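Protein chains in written order, with this note's numbering: chain Y, 1 to 241; chain U, 242 to 422.
The set of hints was computed from the structure by calculation and includes no laboratory data. Since this is a predicted model, take the numbers as computed values, not measurements. It is possible that some hints are incorrect.
[Unchecked claim] Not close to chain Y: a few residues of chain U, all C-beta gaps over 12 Å, as computed:
hint	residue
1	S249
2	G284
3	T289
4	E308
5	P314
6	T336
7	Q340
8	E416
[To be verified] Simulated crosslink set (EDC-like; lysine to aspartate or glutamate; CA at most 16 Å straight-line):
hint	chain 1	residue 1	chain 2	residue 2
9	U	K303	Y	D112
10	U	K342	U	E278
11	Y	K7	Y	D230
12	U	K245	Y	D223
13	Y	K7	U	D421
14	U	K245	Y	D10
15	U	K245	Y	D87
16	U	K303	U	D291
17	U	K263	Y	D112
All C-beta atoms in this analysis are idealised placements derived from N, C-alpha and C, irrespective of residue type, glycine included.
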Amino acid sequence: MTDTPFKPRDLSWHPPALSERYRSTHLRAPRQPLLHMPQTETELTGPTFGQNDLGPLDDDLITNYAAPGETAQGPRIIIHGTLRDEDGRPVPGKLIEVWQANAGGRYRHVNDGYLAPLDANFGGCGRCMTDDEGHYSFRTILPGPYPWPNGGNDWRPAHIHFSVFGDGFAQRLITQMYFEGDPHIALCPIVQSIPSDDAIDRLVARLDMERTIPMDIRAYRFDIVLRGRDATIFENQMEGT
Amino acid sequence: MALKESPSQTAGPYVHIGCAPKAAGLEPRGMGEPLGENMVPVGGERVTLDIKVFDGEGAPVKDALIEIWQAGPDGRYAPSSRFQNWGRQPSDLSTGVAQFKTLKPGASGDQAPHILVWIVARGINLGLTTRIYFPDEDNSTDPVFALAGERAETLLAIQTDTGYAHTIRLQGENETVFFDV
């Protein structure tokens, strides 16, 4: 399997490098089209991680920056879902990294000077591994929306950043997760740089009452999909043997 | 079941919190160790690799996150306690230089020694993949280097006293070759 290339990436599904309304892309988008190249061992392989690489509180943003006995401020939520490839196969044993603003929309970062205060008990950084069925889960608080400099009156929807590793570096992905029902999704230039509403919808987490723990914490479900293997080549190889 | 890949979104200006927390000013507190900081360059030619990214106006990009993935000196992709093959560094918030301490990769198969480079940042909607090749190696038979044609020079690092330095231009004159892999 390791030698089977990944399916070509559908670049028309992803946001284009240059998005007129997202001003930071103007000087950072390459003008030349991406040069297509065949996948080699370099792109088919990638780093591997294990639970031993993580700390015991990495999957709990509610407590992993909090003083003993205290917790982060904000609505308590579980984020969970399944990591699959485009063929629907669960992708087990993969590292997922997340980062986010606090409940007031402020990041714990030297470059963020937004008016909303820091929460002494919240760092905004978390990590987890997918299990044998490709499932992942972490606890956090609902991040707040915040304004950002883009030349106008722009506000980010509440969101959580996701960094995901696959089997090969060609699958490496960074994206953002949004929350069902947020009116800022339709207004945000970064979200709307994605060409289709269908694609945007894949980044919207759903309230999951079944996983909600009564009198404790609500749950949202967010499934993630990485590139699949190129079945045509695999089948051709099989026919040839 | 045919699914579509999750669409990419920018890593944004605060990517450090999740991927390079020291650069964000985040104290470790209850989290485990940051990943990718130390490639454990043992058992080969140790080199520093300084990568600097520039935007379309020639200004250094100071909020990028850069990952590298490379073969070891033996040309193999086999991370071990001696060498990690994968590294991750932020562009320095004041100078824009992302510095890796690594081992020089060996040739693998028909490929000349090279390093995969992956760049994410505010204003980059889909992570950019490029490669670094070495000026003191024979790259003439490398199939990917050849694909870049007359732009292949944008993939060549330069030698320094302690290793190599490489300039990546996101846009405009001498724009770096980025690959659709």
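Cross-check of the supplied hints:
1. The claim that S249(U) is not at the interface with chain Y is violated, since a C-beta of that chain comes within 12 Å of its own (minimum 5 Å).
2. For G284(U), the requirement that its beta carbon stay farther than 12 Å from each beta carbon of chain Y is met, with the minimum near 18 Å.
3. Against chain Y, the non-interface label of T289(U) holds: every CB pair exceeds 12 Å, the least being about 20 Å.
4. Non-interface status of E308(U) relative to chain Y is broken: a Cβ of that chain comes within 12 Å, the nearest being about 8 Å off.
5. Distance to chain Y confirms P314(U) as a non-interface residue, since its nearest Cβ pair spans about 15 Å, more than 12 Å.
6. At the 12 Å boundary, the C-beta of T336(U) stays outside the reach of chain Y, the nearest C-beta of that chain being 15 Å off.
7. The claim that Q340(U) is not at the interface with chain Y holds, since no C-beta of that chain comes within 12 Å of its own (minimum 19 Å).
8. For E416(U), the shortest C-beta to C-beta distance to chain Y comes to about 6 Å, within the 12 Å cut-off, and the non-interface label is violated.
9. A hinted pair counts as satisfied when its Cα atoms are at most 16 Å apart, and K303(U) with D112(Y) qualifies at roughly 15 Å.
10. The suggested pairing of K342(U) with E278(U) holds, with an alpha-carbon distance near 9 Å, which does not exceed 16 Å.
11. Of the pairs offered as hints, the one joining K7(Y) and D230(Y) holds, with about 4 Å between alpha carbons and a cut-off of 16 Å not exceeded.
12. Distance restraint check for K245(U) and D223(Y): the Cα-Cα separation of roughly 11 Å lies within the 16 Å cut-off, and the hinted pair is therefore satisfied.
13. Proposed proximity of K7(Y) and D421(U) is supported: the alpha carbons are some 12 Å apart, at most 16 Å.
14. A threshold of 16 Å between alpha carbons decides the hint, and for K245(U) with D10(Y) the separation of about 9 Å falls inside it, so the pair holds.
15. Distance check on the hinted pair: K245(U) and D87(Y) sit about 9 Å apart at the alpha-carbon level, within 16 Å; holds.
16. At most 16 Å may separate the alpha-carbon atoms for a hinted pair to count; K303(U) and D291(U) meet this at roughly 13 Å.
17. For the hint linking K263(U) to D112(Y), the alpha-carbon distance of about 15 Å falls within 16 Å, and the restraint holds.
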